[in-house]
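Each chain, written out:
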Amino acid sequence: MTPGKTEGPITVTEDGGYLPGTHPDLPPPSSVHGPVHWIKVNLFGSVTETALTLVAAYFLYSAITFLVGWMFVDAAFTGESRKDCRAVATGACWAFIGNRFSLFIYGFYPEPERWRVDLSFVLLILAMVPVLFDRMPQRSKALIYTCLYPFIAAWLLVGGFGLEQVSTDQFGGLMLNVVIGVTGIAFSLPIGIVLALGRQSQLPIVRILCVSFIEIIRGVPLITLLFVAAVMLSYFVPPGTNFDLLVRMLIMVTLFASGYMAEVIRGGLQAIPNGQYEAADAMGLKYWQSMRLIVLPQALKISIPGIVNTFIALYKDTTLVIVIGRLDILGIGNSSLADTKWQGLSTEVYVFVAFFFFVSCFAMSRYSLWLEKKLHTGH
Amino acid sequence: MADTESPTQTKAPSEPSNGEDDIIRIIAMHKWFGEFHVLKNINLSVKTRERIVICGPSGSGKSTLIRCINRLEEHQKGQIIVDGIELTNDLKNIDLIRREVGIVFQHFNLFPHLTVLENLTLGPIWVRKTPKKEAEELAMKYLERVKIPEQAAKFPGQLSGGQQQRVAIARSLCMNPKVMLFDEPTSALDPEMIKEVLDVMVALAESGMTMLVVTHEMGFAKTVADSVIFMDEGEIIEENEPHEFFNNPRHDRTKMFLSQILHH
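Each protein sequence line maps, in turn, to chains R and Y.
The working numbering puts the first residue of the first sequence at 1, with every later residue one more than the last.
The working numbering puts the first residue of the second sequence at 1, with every later residue one more than the last.
Warning: the hint list may mix true and false statements.
What the hints assert, rightly or not - Within a straight-line C-alpha distance of at most 25 Å, the following computed BS3-like cross-link-like pairs (lysine-lysine) qualify:
(1) R:LYS286 - Y:LYS178
(2) R:LYS141 - Y:LYS133
(3) Y:LYS92 - R:LYS286
(4) R:LYS374 - Y:LYS154
(5) Y:LYS154 - R:LYS301
(6) Y:LYS47 - Y:LYS77
(7) Y:LYS133 - R:LYS286
(8) Y:LYS47 - R:LYS286
Hints were generated in silico from the structure; no laboratory data involved.
Given the sequences, and given the hints that come with them, work out the whole structure.
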């Protein structure tokens, strides 16, 4: 705590000498480390720096006090209309969000059936555990459940086979974002891997197919693809058959993310030295064995930042379903603003929606950092 | 290129045998990299338990030659026959030969995401279908042979260069190969680590392993090799037993090469 006074027990001789080969390891002088030193050097190094530090501190202080005041201190948490809020407080009117909370979460999913959404969400978390933590006991059995999860979730959410049928038109709110986001994330990674490997294939037909797919998908905006999903795909299916709009969107979002994923993974593949392929070949491993055991584990590890980047982008892009008339969490927020009882509360709505996305994306980002650290095996 | 200086090699005494006991036979083999003629009319036979050292200036094709033997490089003309199997485009033959031939690389090429033990058991488990437990026992046996059993749980990145190369040798041995190829195994090492790797190679040679070694370690050639091959510009210029090779080189190019590497 008090750097500058801890030189006591170390026997630095007066003439500063040790015999060759007997010099002990000494700690660095306390004047070059410790928090006080850091503050001195980094915040108050010169007159200009001191001035900048003070100005920045003032701005931070006023911004934080304003935000905390608006969000918590002066905020109203209960009430039935905007008037009620204003009557008790000058800050944010969270009563609005609270009032509409279930709409934000479930959209128009029929109320008596909402336990199915809750259950599938809980099951989702359970399904993610073996994927996220590779050291868990009985992991291979748990992974079987994870692979079955998409079917279980689809059955729970859509119904049939003993459960009441719920039309996908009624999906909405946060639940719609999660359904699209999780589906896109879960399927775009394997498809992206296959595309990236295909792009490097020795077989010209495979390579050309993969390259054209990637380039076409990346060359078109996602909104365009969603319009294609909404309007054009129905021309391609036989008349009379009903190809669910949500399924079409899921396919488009997944394919879109796969194109980006393929390029991210290709970057990782190119970073693997040739010697790794040669060592795997020399050992007699088959192509898929050497990919699965040697090349992909290393390439995917290198690609983690890019992969998570794509996941985060995809997750936020789920709000684009608004353009084809589906109300996700942002869409629900937008349409709630039309209610005359709650007019003028757009800030609260957008802060709430932004907060939800921030929490999800920040969690992904932190997990990826943790994973990178865990997989680091060198030096 | 060198029509005048007859490229037909002075054959080692083993020439007449011509027999079935040759584990490797290379007959009139050529290789090109695009337009570049890297290997020219290579003829070589290696008997079981024979130790051959290949030397020559850089770019002479020595590494390419041994990399052709397990098909890391493809030859375009001539024949390579390993253990009675001819190397062709037939993937089955390539797989069979790769199981019999181990290789140690200049830059080790260990798998950095796997522990030392996992590096060693990978081949036995996935290629030889050995049960995991057995593969681990085998791996520990070879780690003891290269004298680093205590490093089994570490990752390659945590080991010194010499230790990594010894792990790489053990990894090849775990596949129980009939022939071991060494592609400049000590060239990437710090000087103080060369000996520990050479010691392992000498012990391996003494155990009767068939070895083809590309190296600049002439001390190793003198003590271990049954014959030394000198290559230059893609040709085998001279092949002889080590004493004659070093004391009585026949070709000018060999003499020049030896004077360059021995007196510096």
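Cross-check of the supplied hints:
| no. | hint | result |
| --- | --- | --- |
| 1 | R:LYS286 - Y:LYS178 | 20 Å, holds |
| 2 | R:LYS141 - Y:LYS133 | 21 Å, holds |
| 3 | Y:LYS92 - R:LYS286 | 11 Å, holds |
| 4 | R:LYS374 - Y:LYS154 | 14 Å, holds |
| 5 | Y:LYS154 - R:LYS301 | 19 Å, holds |
| 6 | Y:LYS47 - Y:LYS77 | 23 Å, holds |
| 7 | Y:LYS133 - R:LYS286 | 22 Å, holds |
| 8 | Y:LYS47 - R:LYS286 | 29 Å, violated |
Of the numbered hints stated above, the single one contradicted by the structure is hint 8.
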